Amino acid sequence: MGETLDRVREVLKRLFFGRAQVRGSFFPPERREFIHAMPRRALVWHTLDREVRVLGARAYGKGSGRGGEVFGVPLGGSVPVHGEKVGPFSPSVVGVPLLVPSEGVRRAAWETWNPWTVRRGSKTLLDRIPQRRRNGARFLRGRKLPVDGAVLAIFEAVVQKSVQRSVLDKGSGELLLWLRPEGGVPMGGLLVLVRRFQGSGQGLAWQWIKKDRGGGGFSARS
Amino acid sequence: MSGLGSKKTDRSSGGGRGDSLGYLWVDDARDVFRGAALVTDFRGIPKDFRYSDPISPSRLERVLYGGALEVYLREEIILTNLLAAVEFPPGLWICSARELLRPLRSLGGVPAVLLQESSHDPLDFAGEVRPFGDETTFLVQLSELAAPLRLDVTREDLPRVGDLVALLGRAAETMDVKEPFGRIVKALQAIDEEARG
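The listed protein sequences derive, respectively, from chains U and L.
Every letter in the first sequence is one number past the one before it in my numbering, and letter 5, counting from 1, is 5.
Every letter in the second sequence is one number past the one before it in my numbering, and letter 84, counting from 1, is 1084.
It is worth saying that the hints were derived from the structure and are not from the lab.
Be a bit skeptical, because a hint or two may be false.
Under 8 Å between C-beta atoms, here's a sample of chain U residues computed to sit facing chain L [said to hold, decoys possible]:
hint, residue
1, L15
2, I129
3, Q131
4, L140
5, K144
6, A150
7, W178
8, L179
9, M187
Note that the structure is predicted; figures quoted are calculated from it, not measured.
C-beta: ideal position from N, C-alpha, C; glycine also.
Using the sequences and the accompanying hints, generate a full structural model.
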């Protein structure tokens, strides 16, 4: 304390170029206790330091994903992230079974595991869709068929016993066939559409022709 | 529960696998991938029919998968799942596109062929086979009243082309061997219409 007072005295002496002489104690003894009780650390306002802190908080918050409140400067809500989920194309890729035992469960599984599970075909759906046969008349190439009249259309590989219903599609010239699923696989034959010019059966008529097995020839059936 | 790798085989409904043909169809028109498998007997009567839901990859998926997307969807997703689901395995798989032939042969477990229309004049007799183009391509006359078909096989199946043509020839006596592809397309159209209500 004494050293400090001596330094103060020296400073004042220099300030007043020696014209003021300071004598005795710098502070009167009755104020000494009060002076001793004064805080020795002065408050310092760091304006520059505060600005640096704010800038640092912002940079830290954006770059690291940690909140700006680390520095006492909250940044508000979360940073928006763009993009979308890229999932696998099918659950089967990770080995999820595609088949389930009963029709009911299978249907439920479709709805659950959609999209892209493999579905079992509907037999009734395919039953409704006819087979088609194209007109092969242009491939006869002069061969004679055992038919009574002029050949307008000829359809190959038709199993007569299996035919449930047949319709000639006049637009495409194709024969639509609905076949019975039962039965084996007998020899197919030819179904010929002929035009008769004479006799009582004038007009268009269908005629079946049996195909000789192995010989490649034809013989009339009906 | 049966699933991948636990294929059930149903031969009780008549005929073994040698008396049936399997048709595999995959389409990617308008960036929508879908596929179907139809197994028929030699009259064309359906034995098994499976189809996949349409797959529409997003733009992002197209970018991320790049050039591998089509192969991945066609082979890994559609073909593999269809073959795993078929319960009545055929004696011969017939596909509609060249890029399906090799994966179908390797995954199907039985011979596979690509059968396409041709504009060639008819060959001399039914059952005739002629080399056509490269080593694995042939013209075959399966029926007497039709144009020959173009037949492609894998190198693996080259030694048994005669047997495959004989099998197709037997089927062609009672059915049009290419016709089921048309039925697959019509069936999927009907399914789409039903789904749309």
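So, going through the hints one by one against the coordinates:
1. L15: Constraint on L15 of chain U not satisfied, violated at 78 Å.
2. I129: 5 Å, holds
3. Q131: 5 Å, holds
4. L140: 7 Å, holds
5. K144: K144 of chain U check fails; min Cβ-Cβ to chain L is 14 Å, beyond 8 Å.
6. A150: 17 Å, violated
7. W178: Result: violated, 11 Å to nearest chain L Cβ.
8. L179: Holds. Min distance 6 Å.
9. M187: 6 Å, holds
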